[in-house]
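J.: Here's the letter readout for the chains.
Number of protein chains: 2
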Amino acid sequence: MIIRIALDAMGGDNAPQSVVDGALRAIAAGSQAEFTLVGREEVIRAELERVGAKHDFRIQVASQVVGMGEKPAQAMRSKKDSSLRVGANLVKEGRVDAFVSSGNTGALMATARFVLKTLPGIDRPAIASLMPSITGQVLMLDLGANVDCTADHLCQFALMGEVFASSVLNRDNPKVGLLNIGSEEEKGNEVVKVAGERLKKISRCFVGNVEATGIFQGKVDVVVCDGFVGNVSLKTAEGVASMLVHFLREAFNHSWLAKLGYLLVRPAFKRFRDRFDPRVYNGAMLLGLNGVVVKSHGSADGFAFFHAIKAAEELVTNRVNEKTQAIALKMQAMAQLDGNNQRDNDSRDTTVATNGDVHG
Amino acid sequence: MIIRIALDAMGGDNAPQSVVDGALRAIAAGSQAEFTLVGREEVIRAELERVGAKHDFRIQVASQVVGMGEKPAQAMRSKKDSSLRVGANLVKEGRVDAFVSSGNTGALMATARFVLKTLPGIDRPAIASLMPSITGQVLMLDLGANVDCTADHLCQFALMGEVFASSVLNRDNPKVGLLNIGSEEEKGNEVVKVAGERLKKISRCFVGNVEATGIFQGKVDVVVCDGFVGNVSLKTAEGVASMLVHFLREAFNHSWLAKLGYLLVRPAFKRFRDRFDPRVYNGAMLLGLNGVVVKSHGSADGFAFFHAIKAAEELVTNRVNEKTQAIALKMQAMAQLDGNNQRDNDSRDTTVATNGDVHG
Chain A
184 MIIRIALDAM GGDNAPQSVV DGALRAIAAG SQAEFTLVGR EEVIRAELER VGAKHDFRIQ
244 VASQVVGMGE KPAQAMRSKK DSSLRVGANL VKEGRVDAFV SSGNTGALMA TARFVLKTLP
304 GIDRPAIASL MPSITGQVLM LDLGANVDCT ADHLCQFALM GEVFASSVLN RDNPKVGLLN
364 IGSEEEKGNE VVKVAGERLK KISRCFVGNV EATGIFQGKV DVVVCDGFVG NVSLKTAEGV
424 ASMLVHFLRE AFNHSWLAKL GYLLVRPAFK RFRDRFDPRV YNGAMLLGLN GVVVKSHGSA
484 DGFAFFHAIK AAEELVTNRV NEKTQAIALK MQAMAQLDGN NQRDNDSRDT TVATNGDVHG
Chain B
184 MIIRIALDAM GGDNAPQSVV DGALRAIAAG SQAEFTLVGR EEVIRAELER VGAKHDFRIQ
244 VASQVVGMGE KPAQAMRSKK DSSLRVGANL VKEGRVDAFV SSGNTGALMA TARFVLKTLP
304 GIDRPAIASL MPSITGQVLM LDLGANVDCT ADHLCQFALM GEVFASSVLN RDNPKVGLLN
364 IGSEEEKGNE VVKVAGERLK KISRCFVGNV EATGIFQGKV DVVVCDGFVG NVSLKTAEGV
424 ASMLVHFLRE AFNHSWLAKL GYLLVRPAFK RFRDRFDPRV YNGAMLLGLN GVVVKSHGSA
484 DGFAFFHAIK AAEELVTNRV NEKTQAIALK MQAMAQLDGN NQRDNDSRDT TVATNGDVHG
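Protein chains in written order, with the numbering used here: chain A, 184 to 543; chain B, 184 to 543.
Only chain A is shown next, with the shape it has when bound in the complex (with noise of 0.2 Å):
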């Protein structure tokens, strides 16, 4: 099976060169994928002459560029020839099987969703990332897509989780868990605990709520929440280990042995950083479309743009969304069939209720 991945040539900070050598650097390390760059021709052919690429990239001509400051609905109107447009139109049509943007996020997504739409028994889609935990990788979503959610879409969530992990990271029983403020299951908000309740009943993966500190225990495969959350606890983690990496700076400066130290410590330091370098995980994944669509980090280089890639390819091998939607149409049947049984019990209580029984 041959994979066709679209690379939009003109989003985030460093395109078109970052776009060009993360493609090179997935040839190098062995991707079979053939790519097309959307954009610009003569800036994509110019940056393709001048690192002397040898290999054969296709090339899909877009005329526009949505810029990063850009409002989406805007973009959205009067940008139909965007690159971004033009890479989920690919998509779309099935001329490719995944597309990469470094791109404008809010204009990614609302294109996506727009060209796309969900994948049938999917209501929205959720971004997920995985992030490092002590005992490896762990998925988390949603990173921001939806800022409300329903139980529903947490379910939905859930579920996108669950199908990737067991078939991404290959987890046999993968662990699901639903990020709330306590473990135990009177915790959180009602969103929260209607969710709580819901994946007890539906879901074999789901191991009850976990709190922020486990997501970096290993504690799970899989953590949930909805979007405003998730991206406060991304930029939380960001935000920690920025500062930690500074205060760590700072001290092996702060005396010459501490410097005569560092130099000692310097490749521990290094295998120290490479554990949470966030290009390795770059490549956030918009689960729950009907196509593959993944965002990269607008200043991705073109090493973090490489694992954008990597992570397009692993959806499309493992065929995450045709799972998802499967399982998802399960789900879905087996909710109809509860609201009709519990239709039928609430009729049932009504009869009894005019017979003068009293529900306390």
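Worth double-checking, as some hints may not be accurate.
To be verified - Examples of chain B residues lying across from chain A (beta carbon under 7 Å, computed):
(1) D331
(2) N372
(3) E394
(4) I398
(5) V415
(6) S416
(7) F430
(8) V448
(9) A451
(10) F455
Said to hold, decoys possible - The list that follows gives simulated cross-link-like pairs (lysine-lysine, DSSO-like), each with its CA atoms no further than 30 Å apart:
(11) K254(A) <-> K402(B)
(12) K254(B) <-> K376(A)
(13) K254(A) <-> K237(A)
(14) K384(A) <-> K402(A)
(15) K254(A) <-> K358(B)
What the hints contain is simulated information worked out from the structure, not anything from laboratory work. All C-beta atoms, glycine included, are put in the ideal place defined by N, C-alpha and C.
Dock chain B against chain A, hints included.
T.: Only chain B this time, still in chain A's reference frame:
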């Protein structure tokens, strides 16, 4: 002015040792406070004897102890002579100026709220704590007292944070930010958007939205959020910090060269650890209550408990509650005035509308 502080001698994993040790550390550091130990007399006397305490502590007998796992509502009903309840009563009766406890968080919050009520003008107390940042310290609230907040609640938290930052942290024009998933005004969920609009009108300290990365960059002095989000952010920070320290230890243990280097950087490493030692940040303040109550971490040792005592002393010395009440009542009056004006405008609008004017 003599400050009188009641200390829960029974609450937490390390009581009464940590409590007596914390008080002795405070005295050794120059505290002039008069301490009252609350709990079972024989337990307290035994501990004072064990450490050979020369200081003359007051003892207030409380015959019951609320366990760390007990449900708050049940503890409130069944344990009316618990150290938590007796401590809160001492504050209410004006016999002490503050109460510090490492006990059951939920039970302490419920008891304190029931006994002390909130300050006039404040609807809900919030859990507030200092956090480390690159440039110093930042106050964050709410960290878990309120899982569902209205815009009004967030505005009141902002106000309490403002008072704390100016009177305890001595920041002349403290910067108060609203935790959000982007710095632009249109970002976030409805509650946060409405709170942002209102804060722009009522607070000169409000600087707009702040992303979670910004907490640790020292961009603001106060970060305001609902208790669910705040708790997730706090625990994310704890989780990331402990994961990174774990990664560092593994890196330093990886080779003999790294181990040797570690010997040289050990003092630097200690300096690094001290910058975010959670014990120094111990002492979550229950702001907005009509009385000063500080929650120390359940696992606090004497050094950590000492810092919780310091937090209580600072709240009392700087008259944070009096100042909060004054500004809260002023804000309430402004809101009422604004509400009246709004109603006037509304009725005028209605008149116009009934005259056939159509509002787009």
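J.: Which hint numbers doesn't this structure obey?
T.: 13
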